[in-house]
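Asks: Guided by the hints, dock chain P with the ligand onto chain A, whose structure is given.
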Amino acid sequence: MFEFKLNMADTADAGVLYDLIIIGGGPAGLTAGLYAARYKLNTLMIEKALVPGGQLVATQWVENYPGFPEPVLGEKLAKDMEAQAKFYGLKVVQEDVLSVNLEGETKEINTAYNTWKARTVIIATGSSPRRLGIPGEQEYSGRGVSYCATCDGPFYPDKVVTVVGGGNSAFEEALFIAKYARKIHIVHRSNRYNADPILQERVAAEPKIELMPYHVVESIEFGGQQRYVKLKNVLSGLESSLDTDGIFIFIGTVPNTKLFEKQIELENGYVKSYADNSSSVEGVWVAGDVQAKTLRQVATAVGDGANAAHAVHKYLLHRR
Amino acid sequence: MAMLDDNVMQEVKKALQNMKEPVTLELFSQSFECGYCKETHQLLDELSAANPLLQMKLHQFENDAEAVKQFGIDKIPAIAVVGKKDYGIRFYGIPAGYEFSSLLSAILLVSTGITKLSADTKKFLDNLQKPIHLQTFVTPTCPYCPPAVMLAHQMAFYSDKVTADMVEISEFPHLAQKYSVQGVPRTTINEKWYVEGAVPEEVLVSKIKEAL
Ligand SMILES: Cc1cc2nc3c(=O)[nH]c(=O)nc-3n(C[C@H](O)[C@H](O)[C@H](O)COP(=O)(O)OP(=O)(O)OC[C@H]3O[C@@H](n4cnc5c(N)ncnc54)[C@H](O)[C@@H]3O)c2cc1C
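Protein chains in written order, with the numbering used here: chain A, 1029 to 1348; chain P, 1183 to 1394.
Bound-form chain A, shown alone:
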């Protein structure tokens, strides 16, 4: 009944000039790492989390990644991707990248502990949950406001929970929370849901889940005995309150591009990509959710990662 998971960070030499540094160890970065290691590039991955896999580790079941006819646990897929890349020699250090200098022949990547240097960089920093930006959200974050169902779902046995959003994540994670909670309201601002039809069917078949279309959450009121959220009907303008023990927010993501914004071309906040996943800066490539593109999924992230690593390999071949 117990599982024991071992994730130990590697140590690496900050004195050498790496062929390639990959920032971020989600599916995009891990795939780039796998390919780069097999190209025998001297590669380093810098990932701030102890457990690589990015958003995958916060995902319960992945059902649309090919090769797994049975749903696969996000964390299992992540762990296996990591093991595969490490098997071919990828090194992963656990450090948070605080600033970068992407200009010139030698790229510098700064963390609290080291300045890492490389000839090329792949940006694979992915994205983070988008916040609602309403009163109470920040205040009760971790005390009833959550962005990760696998992390915090188990805190709501037999409780009443509100889920905000209308996409795949909201529907998938609501179904997961239904294993614990007694009642779930999915609050969404319209009646058009972006979740895949198969998920919509499953949600419709789950008696614990009730859809509340045309509503937005105005504030989170978790200070008193009875916790509730204030809702507004966007059609009628009527305000109401909804008793709830916790709220999970899945309203999309924002790209992790703050580090690069002054040095690289962005498009709506995402890193603009050119042929072969290159960026506007020579020697810098981009892969995964952080890239300007339309479909942000594991299947597209791994494709980006492979492309970027291959392009780096070709680029370095001409410059040895």
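Accuracy of the hints is not assured; some may be wrong.
Claimed, not checked - List of simulated lysine to any residue pairs, SDA-like, C-alpha gap at most 25 Å:
{"hint": "1", "chain 1": "P", "residue 1": "Lys1266", "chain 2": "P", "residue 2": "Ser1230"}
{"hint": "2", "chain 1": "A", "residue 1": "Lys1076", "chain 2": "P", "residue 2": "Tyr1376"}
{"hint": "3", "chain 1": "A", "residue 1": "Lys1258", "chain 2": "A", "residue 2": "Pro1235"}
{"hint": "4", "chain 1": "P", "residue 1": "Lys1220", "chain 2": "A", "residue 2": "Pro1182"}
{"hint": "5", "chain 1": "P", "residue 1": "Lys1389", "chain 2": "A", "residue 2": "Lys1107"}
{"hint": "6", "chain 1": "A", "residue 1": "Lys1258", "chain 2": "A", "residue 2": "Gln1166"}
{"hint": "7", "chain 1": "P", "residue 1": "Lys1195", "chain 2": "A", "residue 2": "Phe1115"}
{"hint": "8", "chain 1": "P", "residue 1": "Lys1298", "chain 2": "A", "residue 2": "Asn1129"}
{"hint": "9", "chain 1": "P", "residue 1": "Lys1298", "chain 2": "A", "residue 2": "Pro1182"}
{"hint": "10", "chain 1": "P", "residue 1": "Lys1343", "chain 2": "P", "residue 2": "Ala1247"}
{"hint": "11", "chain 1": "A", "residue 1": "Lys1033", "chain 2": "P", "residue 2": "Lys1389"}
{"hint": "12", "chain 1": "P", "residue 1": "Lys1389", "chain 2": "A", "residue 2": "Asp1108"}
{"hint": "13", "chain 1": "A", "residue 1": "Lys1107", "chain 2": "A", "residue 2": "Tyr1093"}
{"hint": "14", "chain 1": "P", "residue 1": "Lys1374", "chain 2": "A", "residue 2": "Gln1253"}
As the list claims (entries may be wrong) - One-sided and incomplete, this derived list gives chain P residues near chain A with beta-carbon spacing under 7 Å:
{"hint": "15", "residue": "Ser1300"}
{"hint": "16", "residue": "Pro1329"}
{"hint": "17", "residue": "Gly1365"}
In short, the hints are calculated from the structure, not lab data. No residue lacks a Cβ here, since even glycine has one placed at the ideal position from N, Cα and C.
Replies: Structure of chain P with the ligand alone, referenced to chain A:
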């Protein structure tokens, strides 16, 4: 049946190859009214076979009052990770799931003396006047929790003024109530102050400053 399967045991042995000084896992357990005492005992039994420098010492919580007092244990199962001395590194509840990595890291920390704390943090800890008690609440399924635990443990290792507990919250529901924990990780500082999430070193340090 073994708790640590062959694969995990291989990984553990590899990780512990870097041990330098001997480490004792002081386990506080009792045969009744204790959630995962039995399992924690078995886990440490198997783990301590992975390296000759690692050993487990069992204390009965109900009748080893002296050790209970010496290590300041107030709930079980409890593990104190002790090397040349007791650095104040504790695990309350079973270190399973992702927390297994925290346990291995604590062993290596105590055994090798290698911390990753920045110069600024060390300077701050060097000048601490008052004692600091950090409690990091976790669940075994939380992938973001081990870094928070490891950071607190490193501070405890580095400074005599700091003690740091991992607390597996699902085994101690009364603490979840008391501190109204509804998300993990959360680190409380001297009972009253807390930080949410696995925060960078300097954020924890500035929170500790507030608490002083
Ligand atoms: C709840 C949820 C459910 C999902 N379900 C599915 C699904 O069923 N199927 C599917 O295909 N997709 C799903 N997705 C989307 C999928 O997870 C993402 O598209 C995919 O993870 C993107 O991979 P990535 O490598 O580009 O970025 P990410 O997974 O975001 O990884 C980025 C990594 O970079 C690291 N990083 C960021 N900044 C720094 C820094 N400064 N220093 C060091 N490291 C840094 C982060 O810690 C992270 O590990 C889901 C997402 C969520 C949130």
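Asks: Which of the numbered hints are not met once you compare them with the structure shown?
Replies: 5, 9, 11, 12
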